[in-house]
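Enquirer: Each chain, written out:
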Amino acid sequence: MRRLAVMAALLLAFPLPGAPARAQEEQSTAPYAYRQLDDPAKEASAQDLMETLRCLQCQGQSIADSDAPIAGSMRSLVRERIAAGETPEQIRTWLIERYGDYVSYSPQLTGLTWPLFAVPAILMLIAFLLLRRRFSSRGEVQ
Amino acid sequence: MIAELGLAALWLAAALAGLQLVAGSLGLTARGASLAAAVRPVAVMQGALGLLSFACLVYVFSVTDLSVKLIALNSHSMKPLVFKVAGSWGNHEGSMLLWVTVMGLAGGFMALVEKRLPERTMLATLAGQAFVSLGFYAFLLFASNPFERLSPAPAEGNGLNPLLQDLGLAFHPPTLYLGYVGLSIAFSFAIGAMVTREVGPAFAKAMRPWVLGAWIFLTIGITAGSYWAYYELGWGGWWFWDPVENASLMPWLAATALLHSAGVLAARNALRAWTVMLGVVAFSMSMIGTFLVRSGILTSVHAFAVDPQRGTFILVLLAIYIGGALTLFGLRASTVTEGERFAPISREGALVFNNVMLSAILGIVLFGTLYPLVAEAMGAKVSVGPPYFNPMGALFTVPMLVVLAVGPLLRWRRDSFSRVGRRLVLPGMLVLAGAMALLLMGGIALLPFLGLALSVGLAVATLLPLQNRNLRRTPLAVWGMVIAHFGVAVSLFGMSSESAFSVEKLVAARPGDVTQVGPWAVKLDAVEPVAGPNWTALEARLLVRYGDDGKVMRLQPQSRSFWAPPQQTSESALLTRWNGQLYAVLGGEAPGAKAAGLGRADSRWQLRLWWKPFAPLIWIGGLLIALGGLLALIGRVAADLRRIVAKDKIVYRRERQGR
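Each protein sequence line maps, in turn, to chains A and B.
In short: position in the first sequence from 1, add 39, done, that's the numbering used here.
Take the second sequence: its position 125, counting from 1, is numbered 111 in the numbering used here, and each next residue is one higher.
Honestly, I wouldn't trust all of these hints.
As the list claims (entries may be wrong) - The following label-pair restraints were derived from C-beta to C-beta distances: (1) A:D78 - B:I306: 53 to 63 Å; (2) B:A423 - A:L148: 48 to 58 Å; (3) B:V631 - A:L164: 46 to 56 Å.
Stated by the list, open to error - Residues on chain A that point at chain B, a partial pick, calculated with CB under 7 Å: (4) A69; (5) Y73; (6) Q75; (7) L76; (8) R93; (9) Q96; (10) S112; (11) E128; (12) Y144; (13) P146; (14) P159; (15) A166.
Said to hold, decoys possible - Below 27 Å or equal to it, Euclidean Cα-Cα: the simulated DSS-like pairs (lysine-lysine) are: (16) A:K81 - B:K509; (17) B:K509 - B:K537; (18) B:K509 - B:K491; (19) B:K491 - B:K367; (20) B:K537 - B:K491; (21) A:K81 - B:K191.
Hints were generated in silico from the structure; no laboratory data involved.
Note that beta-carbon positions come from the ideal geometry of N, C-alpha and C, so glycine has one too.
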């Protein structure tokens, strides 16, 4: 959490409201927090999933980029479940049920998030119309 | 005393900005014409006073005057001098003071040297600049006074966040600020040109160097910020689509579009209204970024609602400036004609495509950044991150890159593919060959695949404008374009390679253990304590070797503990080869060792190791883009100077001949 808080701070030199004075946090002791799965294919899919899950304690980091204890526990959870044969999407769904949409960096299409998917489509349409208008009727050179 | 001097200078600068606004606006009228002569000197003086004020702040920081509240909160006497100085902009008040200082300096510099435009447009431009400055002066003086005293003074300060105590980072904010605030000049130019209805090639030519300058700083700032995040955060990530990063990316996207459309306006007198609009949008994005970062709204919408003073202040400023400029644009847009026409397949056509795509990417980033805030205000929390931004951005980036390969080869006004088609055969074949090779390799995700396949062909295509040219007589601006576009390809290759081929290894190693990471063998030799000026650290000594018969080299990642404020950071150790970077981080002592009753000598240490093929190209590409901008800037300014000198010579000769 301190990391992105500070990152924020830095990119625009944000005031740190005294927050990062957190002394050494204990690292997560969950078995797979800092240990990879033996099967490279499973580890790769776990890694891909971890990069799209939000560390709930942090200010904008994925659990794959954080030293916060909860991130470690979540990494361990993801690796254990992948090892047990669950698919990444099953794990994501389970986490969303438990922690809400907030935990997933990959927005699911719901009643709340549809504008996120509508906007690119609208932008495509506008871009297409702009370019067509520019180049069809009025665009001819003398 | 010095703090009070700084505050007085700040008030005076604000007063001068007021005078500059009044004199500039009245100077446009017939009755106030006598005031016009005052505007330029006032602008210069305002910049000087802003600089004095900022110098005072740096001074009180460097001597750690703890009776100033800002210093007590953010500094510490036991800190290396360079970080004391850098600390002066590593906080809210100081960075806002830096913002107005840069803005005043930019305005003063413009008043001093910019002589190409009609004086009326310059008056309106400088008045516009003063108008924007005034709002930020008010913000500083009423809502975030950096020189506020504290009584009684505490015995020691709180210290600066250790993550900020890094040289790269210390100078990153000022660079970014030069870019952000430099765009205010484009904004003022756009206002000035709209007020006096002087939108044309002369306006674009005058504005372009300023936009280029700001854009170069933005490019360097973003590149440096990304590299800092990469080595300092200790997890090997270099872009997180974090709102703060997006806040710096959005002005860059707008400025990039502006740069290209200003080029069309300058060369061909087309895209007039669009260019003015982008001038307004670019600086608006800077201000929105400032609002996002400064108001605290990113931490939580609710945190913002609890202490809304600063945020509301910036929000009001945003409404006044962006709303005002857009209104002016709405009123005047009809009088600004679109200008010359052109065919779809032409240099202008490609640049229009580039502009539309950049604007669409800007739209995605803006919407994706703001939407979670909107959702939170409505009572629901969502996260929008890389899985959204990457594909959605690619939707527009990939077509833009394809056009980038073709556009610079096209002629102005009208061209045909049959003319340039043959030159594009080689890049096209490279793309196909690359795609095929990658398919054979297999296991590469779609986006890195597209990036890798495109980048090699793109790199070759961007160099084609130099083909069949006398390289020594090629204008600097063309060199600049080629190098910047080449930088895009280089950076794209680095990004794609990093995401496609990175190898990660997390191990708990005993001293003596050897770990294999990609082509590297990494041996943990020892872990020993070391001490710095305001921290202690554990330092691992790693002996690393590339391949079977490489030279053995040493890497020393540290895990640092600072004591003011108490915090731990990991100092990663990087080893760069031509084909990539080895990245090593020392984590904590592995749990379980003590429980198993093992002694200290037998402790296991967590190591995080990455081999990232061609990763440094990401930032080398970024720097190439900035270098291209710099060359173009030098070329443009030199050409202008030559023209001015030539004009003066003509005048001089005429005078001598008594005409």
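Enquirer: Work down the list of hints and note, for each, if the structure agrees.
Expert: Status of the hints after comparison with the structure:
1. A:D78 - B:I306: 53 to 63 Å: Taking Cβ atoms as reference, D78 of chain A and I306 of chain B lie about 59 Å apart, which means the hint holds.
2. B:A423 - A:L148: 48 to 58 Å: Taking Cβ atoms as reference, A423 of chain B and L148 of chain A lie about 35 Å apart, which means the hint is violated.
3. B:V631 - A:L164: 46 to 56 Å: Because 51 Å falls inside the window, the suggested range holds.
4. A69: With a minimum Cβ separation of about 10 Å from chain B (threshold 7 Å), the hint on A69 of chain A is violated.
5. Y73: 5 Å, holds
6. Q75: Holds, because the Cβ-Cβ distance from Q75 of chain A to chain B comes to roughly 5 Å (cut-off 7 Å).
7. L76: 10 Å, violated
8. R93: 5 Å, holds
9. Q96: 13 Å, violated
10. S112: The hint is violated - S112 of chain A has no Cβ within 7 Å of chain B, the shortest such distance being about 13 Å.
11. E128: 12 Å, violated
12. Y144: 3 Å, holds
13. P146: Holds, because the Cβ-Cβ distance from P146 of chain A to chain B comes to roughly 6 Å (cut-off 7 Å).
14. P159: Holds: closest Cβ of chain B sits about 5 Å from P159 of chain A, inside 7 Å.
15. A166: Given a least distance of 5 Å, the restraint on A166 of chain A holds.
16. A:K81 - B:K509: 26 Å, holds
17. B:K509 - B:K537: 13 Å, holds
18. B:K509 - B:K491: 13 Å, holds
19. B:K491 - B:K367: Cα-Cα ~33 Å, so violated.
20. B:K537 - B:K491: Holds, at about 21 Å.
21. A:K81 - B:K191: Violated - the C-alpha atoms of K191 of chain B and K81 of chain A are around 57 Å apart, more than 27 Å.
Hint check: violations occur at hints 2, 4, 7, 9, 10, 11, 19, 21; the rest are consistent with the structure.
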